[in-house]
Amino acid sequence: MLNIALPKGRLGEKVYAMFAGAGFECPALLENSRKLIFDNEAAGVRYFWVKPSDVAIYVERGAADIGVAGKDILLEYRPDVYELLDLNVGKCRMAVAAPEGFRDDMNRTLRVATKFSRIARDYYSAMGRDIDIIHLNGSIEIAPILGLSDVIVDIVETGTTLRENHLEVIETIVPISARLVANKAGFKFKTEPIERLVQEIRKEVEQI
Amino acid sequence: MQIEDQVLDGQERIGFRLRALYSGYGYSRYRMSKFEEYDLYSRNKDFLFSEGVITFTDTNGRLMALKPDVTLSIVKNGRDTPGQIRKLYYHENVYRAASTEDGFREQTQVGVECMGDVDGGSVAEVLKLAAESLRLCAADYVLEISHLDLLSTFVDRIAPDDAVRGMILQCAGEKNLHGIRRICREHGIAVGAEDPLVELLGLYGRARSVMPKIRSLAEEYGAGEYAAELSRAVASFAGTEMEDRVQIDFSATGDTKYYNGIAFKGFLSGVPGSVLSGGQYDHLMRRMGRRDRAVGFAVFLNMLERLTEEGRTDA
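Quick mapping for you: the protein sequence lines, in order, are chains A and B. If you count the first sequence from 1, position 186 lands on 186 in the working numbering, and the numbers rise without skipping. If you count the second sequence from 1, position 44 lands on 44 in the working numbering, and the numbers rise without skipping.
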């Protein structure tokens, strides 16, 4: 039986549709219930919904053999897992955004508000730019408007929220999408079922 | 006085059995102080499993560290032994920053280091000891073996610089083949140039199934000598009960500033990460002014807490 951690929410439902299309369905998963774990013994899968940012932890710690996590989470937390497939869904980008017309004053330390401190630090450190990270857990866009930061590093999907707050993308750091990840030890002992699942999901990805 | 088995906990019992195993192969115990000058670790940060080191100022003003690693101390304090082989084992506590939380953890390691005129026979013996160590811990185990010089040959033919090389090697360790293709496109590497590397990384499993293909691919790209080394290293398992437990997998990587040749990791069913890690580290020896060659591994005893009762072989 493969234990699969799926991210709660719209992305998780989209990803589950891919798994179901690939022959690993578990209809009870979409029913409104208080259940947290869903089995389909015939298909050899057990699903559970978890907070998107926790999927990688469940997989790294072996509670799940495989899972689906955003590349943003993988880059930020660097879990020791295999990244087997780019599912090509949940596409967006990690970007630097600033108030419209912003000009970076290289004589000053750049104040960067973000939920993704490691990604921001790595990005600016590669450029040799001195920054002050302001770690926030949400509503990042408000930080430069209130003068808390000069720029933000955040996920941008359509850019609507940025535009509505008179912010604009000034740099794209990395494209983001959902990735199929596997526990390293689990992969050694469940190689055949994991490979079979990856092969079938790959066919679904190719149809997107 | 004989110590009764029941007064030992699982980790202690396995620790002592591993020591007996290594001693039986002619390895002698290496004891060391808990402290080492911090400078040793600051010069070899990338060799350590974690970045954090606990430091303090000694009574004579020297900046000291609680040992985060054993191998560096053994290399630093040893002397070259031309024409000879020095076989050592240790059973020590190390102090490392936990990867997922703040703070440090004390971890117990048992391991072996084989230094000196190390040849294919010594590497094969260390691999055999690694497999036997895993078997002592649990019945269901896997030892995965890679060859860093072979892998590097395939990476170096496409990577234009060290930064790209590092990114590709990281993807190799994650079995992230789509990531390798993306990096190649982003850095203007010709489409398809990465295909041999991707093919190599796709060749994993039992040696008898994958070695013929690895040999032929390696010969095509000028790495036949490394494939032959890998082949010889796993040959001693052929026909033994360990044969099916030993797998070739090039995702077992290591920092090539320190490691070269054979690299390996050990896994036990029911434990989420690798419980054993090792390989040849001639490059570390050169960096520390040593001419000897070296190979070794460590077993992380703390990881064994996760073993379920039915999985253990120490009960």
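Honestly, the hints are just simulated from the structure, not real lab data. Among the clues, some could well be false.
The list that follows gives simulated cross-link-like pairs (lysine-lysine, BS3-like), each with its CA atoms no further than 27 Å apart [stated by the list, open to error]:
hint, chain 1, residue 1, chain 2, residue 2
1, A, K14, A, K190
2, A, K190, A, K35
3, B, K87, B, K128
4, B, K87, A, K190
5, B, K213, A, K190
6, A, K203, B, K128
Going through the hints against the structure:
no. : hint              : verdict
1   : A:K14 <-> A:K190  : holds, 25 Å
2   : A:K190 <-> A:K35  : holds, 26 Å
3   : B:K87 <-> B:K128  : holds, 14 Å
4   : B:K87 <-> A:K190  : violated, 36 Å
5   : B:K213 <-> A:K190 : holds, 23 Å
6   : A:K203 <-> B:K128 : violated, 40 Å
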